Amino acid sequence: MNPQANLIFITSLLLGTTITISSNHWVMAWTGLEINTLAILPLISKSHHPRAIEAATKYFLTQAAASALVLFSSMTNAWYTGQWDITQLTHPTSSLILTSAIAMKLGLVPFHFWFPEVLQGSPLTTGLILSTIMKLPPITLLYMTSPSLNPTLLTTLAILSTALGGWMGLNQTQIRKILAFSSISHLGWMAIIIIYNPKLTLLNFYLYAMMTATIFLTLNTIKALKLSTLMTAWTKVPSLNAMLLLTLLSLAGLPPLTGFLPKWLIIQELTKQDMAPAATLISLLSLLSLFFYLRLAYCTTITLPPHTTNHMKQWRTNKPTHITIAILTTMSVMLLPISPMILTIV
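Throughout the sequence shown, residue numbering follows the UniProt record's numbering, covering 1 to 346 in sequence.
Each computed DSSO-like pair below joins lysine-lysine, with the alpha-carbon atoms no more than 30 angstroms apart:
1. Lys223 x Lys236
2. Lys223 x Lys46
3. Lys223 x Lys177
4. Lys46 x Lys236
5. Lys177 x Lys236
6. Lys58 x Lys46
7. Lys226 x Lys177
8. Lys236 x Lys226
9. Lys58 x Lys226
10. Lys177 x Lys46
11. Lys272 x Lys199
12. Lys46 x Lys226
Here are the in silico distance ranges between beta carbons for each label pair:
13. Ala64 x His25: 17 to 25 angstroms
14. Leu61 x Ile10: 21 to 29 angstroms
15. Glu269 x Ile21: 18 to 26 angstroms
16. Thr57 x Gln174: 17 to 25 angstroms
17. Thr90 x Leu294: 41 to 49 angstroms
18. Leu284 x Asn2: 44 to 52 angstroms
19. Ile53 x Ser12: 18 to 26 angstroms
20. Leu343 x Thr156: 33 to 41 angstroms
21. Leu153 x Ile338: 32 to 40 angstroms
In short, the hints are calculated from the structure, not lab data.
All values reported here derive from a predicted model rather than from experimental measurement.
Here a beta-carbon is modelled for each residue, glycine too, at the ideal position from N, C-alpha and C.
Generate the whole structure from the sequences, applying the supplied hints.
What follows is the structure, encoded as structure tokens:
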């Protein structure tokens, strides 16, 4: 792709995200979402592969439907209350429609079917944008409207997302699809706590985005898209593969790594809110996704493939690992263990 065009699309993405997260009026928020959708489409379909074109079409249709629902819910609320302010979403029907629209934008169950397909058809760098930056505006809208949302509906969506995200990722061999189901599972954790403690949702999102960015950038460095390719990639950059193992375990939420922090705080908050059964259920369901993270981790660090693969062994490269990956990996693994030290310094 032309670098100038690429720059315009990336700038438009940042502009759309900034407009949505800084707006008070529903129409401005909707405008930002639309700019975002239109800016990401060329980045998804830039390879001109039929699967990429299909992914871009699916993404456009679902996001257009979700944007229409956002506009519809805000108009319904304005019709009944005379308010266009995002924080004044008081009508129950409007908040119900908005929850469905945001669930469709994010890829929460039962509106999740588009997300794995779109991620599978996109390049790794675009997949990273779809999994992190593109999730920020809808989560911001949920954050701003959280006092008036329906707790039962959100808890149901969250538990279903965690269940299906873990369950459907079990038999996947494509890494991008596994990461898509991982994203759906993590969104379940964010959705269950948004009403009770919205700041925890943002903390969970930031840490998830950091760990996912690490994994996508590492995979982009070693050029691995399938589990079978990942098995033979250890010869390229062995140290990076070892760190990828730790980042995957962190994303799974194993203590004492960074990924355990949001889960720990969410379970604590749910227990305070007398939702111990929901906390127990969502914790047990996250064991499903732990299985495929362990599978990925096993394939990452395996040094001799147990069967003859069709892939040539990779030459070890002397190219230094990018500094961004080094910083992100360190944070993804070490943020929880060193947090008491940071707090004592601050």
